[in-house]
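Starting from the two chains in their separate frames, assemble the complex, guided by the hints.
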Amino acid sequence: MKKHRRCHLFFISFLLFSFVLAFPVQSAVELSKTGAEYRFGQVKALPRPLRWRKLVTPHFEIFFYQGLEELAERSARILEEDAFERVYPDFRNLFTLNPYRKIRVILFASRKEYRNSQASGLSLETTSEGVAHTLVNRLVVIGQPTYRDLRGVLTHEVTHLITIHPFKDHLLYGSGSGVPGWIAEGLAEYYMPAETRYPIREVALRDVVLRDKVDSLSEISTVSGNLHYAEAWSLVDYIARKYGREQLFAMLEAVVKEGHRDQTFQKLFGRTRLELWKDWREELPQIYQAGAEAPPYTEETEPLFPDYRDQSMVKIGPGGEVFFLSNCNGRLYDLFQADGDQVQNLTDRSVFAYDVAPDGRQLVFLSDDEGDRRLYRLDLVSGVETALELEVTNPIGVAWSPEGDRLVVVANIKGDADLFLIDLEGRLLEVIADSEADETDPAWSPDGQQLAFVSPRELYDQLYLWDGKKIRMLTRTAEHHRNPVWSPTGDLYCITGQRGYYRMAAVDLEYGITTHLWPYQETVLEFVPTTEDFLVTLYNDRRFELYRYQPGEDK
Amino acid sequence: MDNQTYRWRSSCLLLVLLFFVVGAAQAKADVPMEYEEYRSQLELEYFIPFIMYDGSFHAATYGKMSSILRDQELDFVLFAQGEERINLVVGYTYHAPYWSYGLNFYEMPVYTGLPWGLGFWEQQTGISLLASRHFTNEDRLDLRMQLEGFYPLNDFRYPVDDASLFGVEATLTHDDFSFLRQVGARRYFSLGGAYPFFGTDYKNIKVEGDYRRYWSGERTSLILSGRTGKIWGSYPAHRGFALGGIQQVSISSLGTLTNQGLLGALADSVLRGYPAYRYRGDGFVLTNLELRFLAWPRSYQQRRSVAFSLGAFADAAWVWDGNQRISDNPSVGVGFGFRFFLAGLNIGFDYAIPLNTEDGKPRWHFSLGEVF
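Residue numbers (the numbering used here), protein chains in the order written: chain A, 1 to 555; chain B, 1001 to 1372.
Hints in this document: simulated from the structure, not taken from any laboratory.
As the structure is a prediction and not an experimental result, all values here were calculated from the model.
Where is the CB? At the ideal position from N, CA and C, for every residue including glycine.
In silico contact screen, one side only, chain B against chain A (beta carbon under 10 Å); selected entries: (1) Ser-1040; (2) Ser-1100; (3) Glu-1138; (4) Leu-1180; (5) Arg-1181; (6) Arg-1212; (7) Ser-1299.
Only chain B is shown next, with the shape it has when bound in the complex (with noise of 0.2 Å):
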């Protein structure tokens, strides 16, 4: 072999050697990757439009923006009514490492009382403040400022106001109440106050408590409830402390994503055995004892998804309108009661006879949701 033919078979051999050895270390080359700061924006998540045609058009619209991380959330509802009014609702939430804050506007007809039939429509428009301060997933404290409108949009057995109402109100809540086990406590403490600044009518001072206590067994569970509240100076006259039945405001519709409960009674109330709004006032005290037998599955340990269970309880209420005390002393209410539990609803049925008072009819009760 020559050395020329020697050196082109060798540059051959390195050129083919140089490829494989270029070609594997491609192959094994490291997954490309670039570092870069986060950086928060919101993006849409969803956008769902609604429309319906009944001689004039309904349009409506549910939105979702968030960041990636979601410390961002824009929450929009639209709702088009014919050619008389556009209703719409924004939220934006912003949370921070220990503490989320909230604005939201809203212009919106809002279904205000039972769910069935039981309450009214009501226009509200009204700008929130919100903060919240996390300390744990059990405990928190949350603060709020709201100037709100309303009016009323169809009648209502009571008086309804057309008023516009500006507040601000502190509330700390403690909560390891676990519904499947029917154990842990719910309570809270909250002083809020109205004023009367950019033309708002009322001027008060408001607090209430409430304190919830769960004790279970294998498959038996105690329940005691006392809550307390009280309205000093005017008030929306739809807006005071309403006992009687189960008063499940907390789930009636749009009321609560729209901040509407300023300085109105929100949380549930039950005094079973007297009808709905039988009493109405600006002051009350009512206690609740409660005995769940869990009728299947055997223990509450079992507890999944379907469950069924029956009650005995007995609902004792004070209620005041200014000086004067206009329930018995207390309003009592004592019966029986079974639930329903399937697929992450809670649905009751209440048997209860009033006692002391003249219209002894005995109820029937409906609720949906943990009442308490």
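So here's chain A without its partners, still in its complex pose (with noise of 0.2 Å):
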């Protein structure tokens, strides 16, 4: 009896033991997969069968299907050209074998794809963009919607593979300790190129510096938001330009084989773990002087929808009823519409891009819920939906023009967005952009003669306007100027600002000059001008949300 005990209990000690290792790795604990050891949970059910093929690059094997060939040659430039030689460099030392062995790469087309496939390793609840399987030296990616983002993850993820991987027996069978989340996640950060990281991340970050209310490094570790993120790559930023970039590698290797302890630091930099996060924390109110000594909006003004989290890409109807996105329900996003108090859930599938009929009657919107992205029209009034069928593939945004009778589709179809013009019927009608770059955002003017759009010149996004034949650069300060918006009178407006602190400005149609709106402290992430005032949607203590604004009510 007593070997019995002692062998239920050496048993219960490795399942635990099992359990606990299986779960960072992304590996399921049970034996098949089929769902049938389970009465309950829902089951990852491919939409569509996959047709995959392999292309081999000197460090790279890439894995794709039907559609992705053109990404998947993009997405092999990006990672030999751009983002191994970004990283590779620095953590050479790490490596034993010269040429590298080389690194899987799994491409999706859709996040449906990502989140359903037993190839990411993830829940179905997953919002992430892409996933790096440390212990196999593999990465799983959704294909991007822009440029910018694909080679931003891939670099991103690329990172967590160069940098973590040869520690793999480590973390395998526990010689050391592994790597904290906020130098695991702040590596990636920092060797991602400065314009491809997610800009809402300093948005965040700014925020908590304004609040005095920066993440201790064990929260940061947990990496649970973009705020951690941006935590995590300023404060490595900070190491590399106050230690020296080369002490990042000193640092990953420290901390793995000596462990995350305050000896380890002393050694390397002569502070203890508190104390480099004191002298960060000290330097961040400098770097995020502008607008803080603004008065903030959000205290004397309550939100739009508080109930409704994180609303973005805001569109208000011809009858004043407002649209937009949310992820509310746990996932990205559904489209809701309130009219007064009402609230409604438009459609059951999950939506990233929509824009509504200039008769309010009818809406388009984006969806990948049958695996690639595909335009769907609804009937506001009979709530019926049809999928349309477009003669350019994997659509990534829509803008529907005045007149009711064309769409502007931005399209991802050779690794980078461009514009497209289409009818209603989904034929092409002309190209309107359709550059080595991103070009992105459309806007139609209220008399239709008019699109302004985005892309990126050098380092910041800049304004664009097509007239119908010809495009002309707008904006060209040294900022970045987003989300191109019209007022019902013909006005252009737009967010500009850099470090996470941007505003809405009036654009001058004839020299592209810009005209700051917002004399708040809190970051504008989108806005609508309406006939009487504007819709902003602001970034408040980690939420997004959506107020009225009237600029003549300025404190």
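Here is the structure:
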């Protein structure tokens, strides 16, 4: 009996050990994932059969399926010419074998297929854009809507593999500490090209700096949202600037081999972890000074729809109805229509972009629920949804023309976002812009004569205007110009700023000169001019909140 | 400049130009790329040995092989216990576009019953074939064929068989329940049977159904659950339906991994106010009604990784053994409870009073995970 008890104890310990180990490496513990082991639970159901092929380059094997041929080639060039060369030289000494063992990269066309694949190893609720399986030297990535995002995500995930995979034995067999989240994610963000880092992350960082609520190292290491990624990046960036970029390699190696403890950091930098954290925190207010002295807007104003978390892509219908996307149901995203206080979900499908018809009776939206990204038309009166067959594939954005007879579709066919004019049957009428850079955020002028859109020029996003024949660059100053919108009277606005502080601004249509309209402290994420005021989406204490703003009411 | 010098200089210039042109061309050359067809083959993902010595050696390994896209997976657990026995579990899965197929072989001691000391260890040896048609993320059909032998490794307060069985089972499941939002529905209908092939011991038909519906307001949720099951024919004494307390058999360690539950009651059952295994029979009807109030945070929309909720409930069950009803008509338990949700773990404590029973003593019940 005693022997049995010992055996049970040992066995339970082993099981616990296996479970604990299995979760971090994203592996399932069940022996067969047919779903049949459990009465309940959702299963991964791929919406369509995928025919896989492989593209082999000197350092990578890229796995892709039908429709992703050009994306695979573009990814290969990013990985070889940009990402690998950016990261590997700094960590070359971690590798005893040269040339480096090939990294497996698995590409998916959409979030739906990424989540539903066994390859990602993630839950159906994942909101990640990619995942690095550091034990097996494999990364799984969603084909991003834009070239910039693809470049950023690939570089981020490749950094994880190059920096952590060499320590896999330490991680697997516990002979040393793991890599804490703030270092793992901080390095991955640090090596991303600056313009590819998600702007919202630095917005979140600026917000906590102004509130003096910067997270501790252990909080950052949980890496549970945009803020933690930004904090991790900022701290690693601080270390690189202050102690030299070569110290990042030394820090990583020392932390894995000697532990994430004060002695390790004292030996490297002469500072304990807390001292290092304090040094970094003291520098942050100098970096994020812009707007710090401005009055806060959210303290005395109530947000609209507070129960619908993280509203984005807000639009106004002709009758004043407010449309928006929200992740309040735990997915990216649900589409809502608010008429006064009445808010209703318009479709069961997840939606990532949409636009309302000028007469307000229909809308078009984009969803990847059936595998690849597709355009649907929704009749707002009858509720009937119809899939629209497009002559361009992989749509990622849409704008309905004021005349109601055409759509501008943003589509990523060759690895970057381009603009196409199509009719309401999905036929291609004209290619508006298809350079090697991204062209995004199309916005029609109210008379339908001009189309504003965004494209990067060097490090900054700039506005362009298309008049039906030619394109001209409108803005030129050294800051980002994003989210162009037109007022009903034909004035053009956009979001401008950098370093996490973005404001709405009026744009002079002749010279592109911008005039800031937002005198408050909060960052404006998006806004829509109405006939009387503005609807502004503000970043406020880790939330996206929608407010009404009347410029005359400035406090 | 004479012609020869001119020609020589021109040649040099040409060479230099050629050098730069070729160099530039090389520098701008595309990344060499080569297309290949994908061939699925198993590779080792990880292999973890674990050894302990306490007078005799115990050794265990846990490992996983998979193909690059994980369309094939092979998991194994090997557990050697002194010189007495080598225990092994091997599971292979193949994922086709709409179907997944599984083949499992196992010989392993399995803890059966509640994980906190109210169960027993059973040695199981078996093989199972599985197929699962995934219609959507929420809907599936599971098919299973299983041959299994089992015997108890320690005493249990109720009879435990030393026998074998062969059976098949088909289960239709729908699950669109969102744990964080507390909305949606879960239901399954299962039809199975055992037949004495290969010298096995039982012959029966079993039907089981479960329906759970969640309605949620801003910070309150109402849950209605109904379960029923019936077995006609002979079945293992310890694999009938057991009600009483919170029977969380579905988290009983390896039990769910080794497909132990064929033709036994696997899903959780909840009859609070009664001791574990209070009623054991071949047929039952169970209903639960529970009202939950989210104390923190202030709405389900804000629920993330930490939450605390309170609840009031009423459970009612009818249990039969053959033609005889062995429960009250019905056996009812009422009470209140609270749940902590922390870092993905749902921990519950319920205080329940049994009604219309001789032993009217209230009880505390502990649960781990989302029981229903």
